[in-house]
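Throw the hints in and build the complete structure from the sequences for me.
Just so you know, the protein sequences line up as chains A and B, in that order. All residue numbers for the first sequence refer to the working numbering, where the first residue is 50 and numbers rise by one. All residue numbers for the second sequence refer to the working numbering, where the first residue is 89 and numbers rise by one.
One or more hints might be untrue.
[What the hints assert, rightly or not] When the alpha-carbon atoms are kept at most 25 angstroms apart in a straight line, the in silico SDA-like pairs for lysine to any residue are as follows:
id: 1; chain 1: A; residue 1: Lys65; chain 2: B; residue 2: Lys298
id: 2; chain 1: B; residue 1: Lys143; chain 2: B; residue 2: Gly194
id: 3; chain 1: A; residue 1: Lys455; chain 2: B; residue 2: Tyr268
id: 4; chain 1: B; residue 1: Lys298; chain 2: A; residue 2: Asn421
id: 5; chain 1: A; residue 1: Lys455; chain 2: B; residue 2: Pro252
id: 6; chain 1: A; residue 1: Lys98; chain 2: A; residue 2: Leu82
id: 7; chain 1: A; residue 1: Lys96; chain 2: A; residue 2: Tyr111
id: 8; chain 1: A; residue 1: Lys221; chain 2: A; residue 2: Phe287
id: 9; chain 1: A; residue 1: Lys455; chain 2: B; residue 2: Leu347
id: 10; chain 1: A; residue 1: Lys145; chain 2: A; residue 2: Thr175
id: 11; chain 1: A; residue 1: Lys346; chain 2: B; residue 2: Val344
id: 12; chain 1: A; residue 1: Lys455; chain 2: B; residue 2: Thr259
id: 13; chain 1: A; residue 1: Lys65; chain 2: B; residue 2: Leu347
id: 14; chain 1: A; residue 1: Lys65; chain 2: B; residue 2: Ile262
id: 15; chain 1: B; residue 1: Lys372; chain 2: B; residue 2: Arg337
Quick caveat, the hints were computed from the structure, so don't treat them as lab data. Small disclaimer: the values here were computed from a predicted structure and weren't measured.
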Amino acid sequence: MKQAKLTSGRKFFRRKTIVTAFVVLVLVSITALLASLLANEKPLYVKYKDRNLFPALSLKGYADIGNERIVYATVDWQKLQKENVIWCPIIFSPGKSDAANADYKSPLDSQVHDKGQRHLLGTTRTGADVLSGIIHGARVSLTIGIFSMVIAGFIGILLGAAAGFFGDYRIKVSRAGLISTILFGLPLSWFYGIHLNTAFSVFGSIIFALIVFPICICMTYFIGRFTAALFGWNHKSFLHIDQFISRSIEIFNSIPRIVLIITLSAIARPSILSLLLIIGFTSWTEIARLVRAEMLKTRESEFMQSAEASGIKMSRQIFRHALPNILAPALTAIMLGVASAILIESSLSFLGVGVPADVVTWGSLLNEGRQNFNAWWLIAFPGIAIFLTVASLNLLGDALSEMLNKSN
Amino acid sequence: MRSYLLRRILLFIPTIFVIALISFVILLNSPGDPVERMMQAGGTGELIPGVLQEKQRAALRHQLGLDLPVFYFDIHSVSENGSGRYIPAISFHLHNQFHRWIFGDGVNTNGIICGDFGVSYLTQQPVSGLISDRIGWSLFFTLTSIFLAYLISIPVGIKSASQPDSTFDRTSTIILFLLYSLPLFWVATLLLMTFANPDVLYLFPAAGVKPIDGYTDGAGIFSKISLSLPYLILPTICYTYSSFTFLTRLMRSSMVEILGSDFIKTARAKGLSEKKVLWKHALKNSLFPVITVFAHVFPAMIGGSVIIESIFTIPGMGNAIYQGINTQDYPLLIAVFTITGLLTATGYLVSDLLYAWIDPRISFSK
Numbered sequence: 050m051k052q053a054k055l056t057s058g059r060k061f062f063r064r065k066t067i068v069t070a071f072v073v074l075v076l077v078s079i080t081a082l083l084a085s086l087l088a089n090e091k092p093l094y095v096k097y098k099d100r101n102l103f104p105a106l107s108l109k110g111y112a113d114i115g116n117e118r119i120v121y122a123t124v125d126w127q128k129l130q131k132e133n134v135i136w137c138p139i140i141f142s143p144g145k146s147d148a149a150n151a152d153y154k155s156p157l158d159s160q161v162h163d164k165g166q167r168h169l170l171g172t173t174r175t176g177a178d179v180l181s182g183i184i185h186g187a188r189v190s191l192t193i194g195i196f197s198m199v200i201a202g203f204i205g206i207l208l209g210a211a212a213g214f215f216g217d218y219r220i221k222v223s224r225a226g227l228i229s230t231i232l233f234g235l236p237l238s239w240f241y242g243i244h245l246n247t248a249f250s251v252f253g254s255i256i257f258a259l260i261v262f263p264i265c266i267c268m269t270y271f272i273g274r275f276t277a278a279l280f281g282w283n284h285k286s287f288l289h290i291d292q293f294i295s296r297s298i299e300i301f302n303s304i305p306r307i308v309l310i311i312t313l314s315a316i317a318r319p320s321i322l323s324l325l326l327i328i329g330f331t332s333w334t335e336i337a338r339l340v341r342a343e344m345l346k347t348r349e350s351e352f353m354q355s356a357e358a359s360g361i362k363m364s365r366q367i368f369r370h371a372l373p374n375i376l377a378p379a380l381t382a383i384m385l386g387v388a389s390a391i392l393i394e395s396s397l398s399f400l401g402v403g404v405p406a407d408v409v410t411w412g413s414l415l416n417e418g419r420q421n422f423n424a425w426w427l428i429a430f431p432g433i434a435i436f437l438t439v440a441s442l443n444l445l446g447d448a449l450s451e452m453l454n455k456s457n
Numbered sequence: 089m090r091s092y093l094l095r096r097i098l099l100f101i102p103t104i105f106v107i108a109l110i111s112f113v114i115l116l117n118s119p120g121d122p123v124e125r126m127m128q129a130g131g132t133g134e135l136i137p138g139v140l141q142e143k144q145r146a147a148l149r150h151q152l153g154l155d156l157p158v159f160y161f162d163i164h165s166v167s168e169n170g171s172g173r174y175i176p177a178i179s180f181h182l183h184n185q186f187h188r189w190i191f192g193d194g195v196n197t198n199g200i201i202c203g204d205f206g207v208s209y210l211t212q213q214p215v216s217g218l219i220s221d222r223i224g225w226s227l228f229f230t231l232t233s234i235f236l237a238y239l240i241s242i243p244v245g246i247k248s249a250s251q252p253d254s255t256f257d258r259t260s261t262i263i264l265f266l267l268y269s270l271p272l273f274w275v276a277t278l279l280l281m282t283f284a285n286p287d288v289l290y291l292f293p294a295a296g297v298k299p300i301d302g303y304t305d306g307a308g309i310f311s312k313i314s315l316s317l318p319y320l321i322l323p324t325i326c327y328t329y330s331s332f333t334f335l336t337r338l339m340r341s342s343m344v345e346i347l348g349s350d351f352i353k354t355a356r357a358k359g360l361s362e363k364k365v366l367w368k369h370a371l372k373n374s375l376f377p378v379i380t381v382f383a384h385v386f387p388a389m390i391g392g393s394v395i396i397e398s399i400f401t402i403p404g405m406g407n408a409i410y411q412g413i414n415t416q417d418y419p420l421l422i423a424v425f426t427i428t429g430l431l432t433a434t435g436y437l438v439s440d441l442l443y444a445w446i447d448p449r450i451s452f453s454k
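So this is what it looks like as structure tokens:
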């Protein structure tokens with residue numbers, strides 16, 4: 050009796066922590082989404098010379114009133130002769146220096162508050178507001194965490210599902226086409242897709258490579274196949290998809306991921322986009338391995354065999370029957386992946402790599418704290434932000450995988 | 089089993105090839121012109137007239153092998169004079185940058201296969217020399233802290249697995265979970281802030297691995313160790329901490345799994361004491377995954393070393409990466425990446441072979 054009570058109490062405690070973690074994540078996401086409305090030196094709403102302006106929401110960045118142009122980024126909103134104004138909850142922009150409160154003002158110190166608001170979590174050396182930096186840092190971290198895992202999840206699910214579903218003896222291709230692809234297709238795609246691919250930005254280059262690679266590979270495959278067919282050579286061979294992908298995963302796993310990410314981001318131009326691409330393209334192996342194992346299990350299950358026996362098209366077997374069953378386990382890996390991507394991003398910006406220097410992130414705030422150990426607020430608050438986000442993600446990921454294991 | 093071993097060892101060849109290929113492609117795409125960087129670093133850029141400068145540039149290009157094609161192979165017919173059937177043949181030519189980078193050309197470079205990673209942009213010294221000065225500290229910290237992590241995590245894991253749902257188990261699980269989610273660089277900064285801060289507690293020095301003015305002349309090995317010890321404690325804690333949480337969690341789950349298996353029930357039914365069941369039957373079997381995971385701990389530590397070594401200014405490989413980034417010294421970066429990749433790949437190979445030796449049922453994941 051006592052035992053039962055104890056476990057139910059523990060279950061309740063566990064459920065409570067999971068709910069807390071979920072709430073933390075929702076709060077962080079909302080903060081990230083609304084960052085520029087929550088902490089911005091531009092007001093939400095200004096009435097100036099009978100015109101209604103919404104500087105914090107504006108994408109244009111300026112307004113013409115009569116023959117006067119107000120540039121939102123440079124105008125001094127405090128001194129402007131406005132008739133009515135609604136400020137953002139925090140009236141400081143991230144990284145904007147504030148000379149009156151420069152040189153590490155603690156949240157407990159007396160501050161100069163000529164703007165009518167204190168720096169609630171203190172300031173940096175240049176007087177930039179820490180709270181505002183943390184709010185905007187949430188946006189950077191979550192953007193990189195989520196979008197890099199969207200990329201990694203896409204690659205991982207695609208490769209893992211292909212390896213698990215097709216195995217080694219399910220796809221037959223023309224042997225001549227295969228040889229031609231390996232001999233000509235891969236060098237051609239390297240030459241056109243990577244070597245000549247210098248004219249674009251990072252994103253453009255990747256899109257270009259993604260277009261060029263399939264074209265080169267398909268072309269060489271069909272040319273090889275039909276040329277061989279002309280000479281009457283019609284041998285077929287199995288495409289060992291599983292072998293190939295599994296070995297690639299093993300090879301890729303042998304490369305120290307963090308060192309690879311650091312090296313790549315030192316060479317790429319610092320931007321959030323290139324960082325999330327780098328993290329995304331190097332983190333798919335764990336997801337692929339998990340999806341492959343799940344796919345192998347699913348393929349052996351009875352409903353898949355009956356689907357196959359009833360002659361359903363292969364694409365329908367994959368997308369309607371197999372994939373929905375492996376998405377939940379993939380999701381746990383993706384969740385844990387988001388946590389580790391956020392950790393990697395903040396370590397990189399702590400080192401000053403990857404994210405441009407003018408973007409304020411949790412890691413870059415911590416890095417500023419490293420310059421002056423007396424500024425405890427610069428170390429404590431961003432650290433707590435990282436910790437809470439990562440811990441909630443890990444907790445939810447663990448809880449999800451536990452739930453799935455129990456239901457199996 | 090034998091076929092597994094053979095295939096696993098054969099897989100090592102493409103692995104190191106891919107690592108070399110990735111490093112080479114990164115090196116090719118690193119921004120800036122190496123020749124310009126070399127001339128700037130050599131300080132001869134402005135002193136000589138334009139024509140000579142061009143000549144020097146060309147000489148440097150040749151010396152660095154940049155006048156060669158990147159990859160070079162062609163497809164031609166085996167039949168000589170154009171008569172007869174077309175028999176395609178593919179031949180790789182050795183005069184290309186990739187081949188030169190790996191095997192060297194015997195004149196200017198010996199290639200990475202002999203450990204020649206070129207010349208650092210910054211100091212004009214061979215990169216390999218820079219690295220061999222530094223690799224010692226990194227390996228020292230990595231190996232010491234892996235040893236310490238095992239030393240702590242195995243007993244903790246066993247204790248919490250053998251008494252599931254006890255107070256010890258619950259608190260250790262919660263603490264480990266919290267530690268697992270703490271960012272390593274934050275922990276390191278907090279440690280420095282509390283224990284190496286003249287305003288709070290000044291127990292340990294904040295940077296370096298030995299006193300600034302070096303060891304005293306004629307100091308014996310023990311006095312050297314005692315001089316260096318305070319410098320080593322905080323970094324070792326950080327190094328150990330990062331793998332300790334992972335290992336303890338693994339040890340616990342592995343032990344729980346083994347304790348639920350049939351042969352443990354048999355051992356208990358035989359009337360063996362709980363102690364004997366735990367230490368003699370369960371421990372041996374639950375240790376396998378924990379020990380063979382060594383290879384997975386190793387790359388994580390190398391990754392963590394970049395952060396730890398740059399925070400504590402330890403003259404190791406991780407700090408070399410950090411300096412390489414700050415000074416845009418790409419040959420140094422690439423060299424560190426290649427070497428850590430090789431070390432990791434070797435670690436994985438060894439751990440897989442160990443695993444196969446312990447558990448001969450293994451095959452290539454079927």
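For each hint, the structure was consulted:
1. A:Lys65 with B:Lys298: With Cα atoms ~49 angstroms apart, Lys65 (chain A) and Lys298 (chain B) exceed 25 angstroms; violated.
2. B:Lys143 with B:Gly194: 23 angstroms, holds
3. A:Lys455 with B:Tyr268: OK: Lys455 (chain A) and Tyr268 (chain B) at ~24 angstroms, within 25 angstroms.
4. B:Lys298 with A:Asn421: 23 angstroms, holds
5. A:Lys455 with B:Pro252: Satisfied, since the Cα-Cα distance of roughly 18 angstroms is no more than 25 angstroms.
6. A:Lys98 with A:Leu82: Distance of about 31 angstroms is beyond 25 angstroms: violated.
7. A:Lys96 with A:Tyr111: Cα-Cα ~14 angstroms, so holds.
8. A:Lys221 with A:Phe287: Distance ~4 angstroms between Lys221 (chain A) and Phe287 (chain A) Cα, so the pair holds.
9. A:Lys455 with B:Leu347: Holds, at about 19 angstroms.
10. A:Lys145 with A:Thr175: Distance ~8 angstroms between Lys145 (chain A) and Thr175 (chain A) Cα, so the pair holds.
11. A:Lys346 with B:Val344: Holds, because 24 angstroms separates the two Cα atoms, which is no more than 25 angstroms.
12. A:Lys455 with B:Thr259: 23 angstroms, holds
13. A:Lys65 with B:Leu347: It is violated: about 29 angstroms lies between the C-alpha atoms, which goes past 25 angstroms.
14. A:Lys65 with B:Ile262: 14 angstroms, holds
15. B:Lys372 with B:Arg337: Within the cut-off at roughly 17 angstroms; holds.
The earlier numbered hints that this structure contradicts are 1, 6, 13.
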